[in-house]
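Per the numbering used here, the sequence shown starts with residue 70, numbered consecutively.
There may be inaccurate statements among the hints.
As the list claims (entries may be wrong) - Each computed BS3-like pair below joins lysine-lysine, with the alpha-carbon atoms no more than 27 Å apart:
#1 189 - 228
#2 132 - 100
#3 228 - 203
#4 189 - 178
#5 245 - 224
#6 189 - 224
#7 181 - 203
#8 245 - 222
#9 203 - 231
#10 231 - 245
#11 181 - 132
No lab work stands behind these hints, which were simulated from the structure alone.
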Amino acid sequence: MWAVEGSNGAGRSVAQRLLAEGEHVLDVPAKLAARARMLDTGHGRKTDAHDAHSVAVAAVRAKNLRVLALDPELEALRMLVDRREELARQRTQIANRLQRLLADLTPGKAKKDITTGQAKAILAGVRPRDVVGKTRRRPAAEQLAELVVVEKKMKTLTKELKVLVQDSGSTLMDLKGVGPIVAA
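Kindly generate the complete structure, drawing on both the sequences and the hints.
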């Protein structure tokens, strides 16, 4: 029997590997381990030895700790959701850069929430003649191309997540306002 602190956070990969090897794994909440460490040593300092000991003490003394089970479909779903969240953050960064570059290229005509179609139209209408303008336009075009690629990846992942959620038998998407991302 293994005890892992924070199996939904930092300890997730260790817990999943142990489960894949057929081991029994208990989830020890971080607060419980911290409390055990504080009571055991008299201070809250974290060292590997103190951490291991406090997690073990918490696992032995606590009742009703969650016993983890291997669920490959859920783990795959979680990985896809994590990847989509990364892409969403990347999309926001690219869109912000693109918006800044377009504002420099077309002073006084900046839009707040811009779509790729609008950005393409703005960029198509800008034909700078000077070196600085041409140099500004090139990174804007590159950012726009990156934005299109990221949005395509997000759309593909969203479709994949929708299929996985439907295949799992979940009815969450039947609720108003709950799409495949929230359901996943």
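Here's how the hints hold up against the structure:
1. Note on residue 189 and residue 228: the hinted pairing holds, with a Cα-Cα distance of about 25 Å set against a maximum of 27 Å.
2. A hinted pair counts as satisfied when its Cα atoms are at most 27 Å apart, and residue 132 with residue 100 qualifies at roughly 15 Å.
3. With a CA separation close to 38 Å, the supplied pair residue 228 and residue 203 exceeds the 27 Å bound.
4. Annotation: proposed proximity of residue 189 to residue 178 holds, straight-line Cα distance about 14 Å (limit 27 Å).
5. Between the alpha carbons of residue 245 and residue 224 the distance comes to roughly 21 Å, so the proposed pair stays at or under 27 Å and holds.
6. With a C-alpha separation of about 19 Å, the suggested pairing of residue 189 with residue 224 holds against the 27 Å cut-off.
7. Restraint check for residue 181 and residue 203: satisfied, since their Cα atoms lie roughly 23 Å apart, inside the 27 Å limit.
8. For the hint pairing residue 245 with residue 222, the CA-to-CA distance comes to about 25 Å; that is within 27 Å, so the pair holds.
9. Only pairs whose Cα atoms come within 27 Å are accepted, and residue 203 paired with residue 231 is rejected, the gap being roughly 42 Å.
10. With a C-alpha separation of about 15 Å, the suggested pairing of residue 231 with residue 245 holds against the 27 Å cut-off.
11. Pair hint residue 181 plus residue 132 does not hold up; C-alpha atoms about 53 Å apart against a cutoff of 27 Å.
When each numbered hint is compared with the structure, violations occur for hints 3, 9 and 11.
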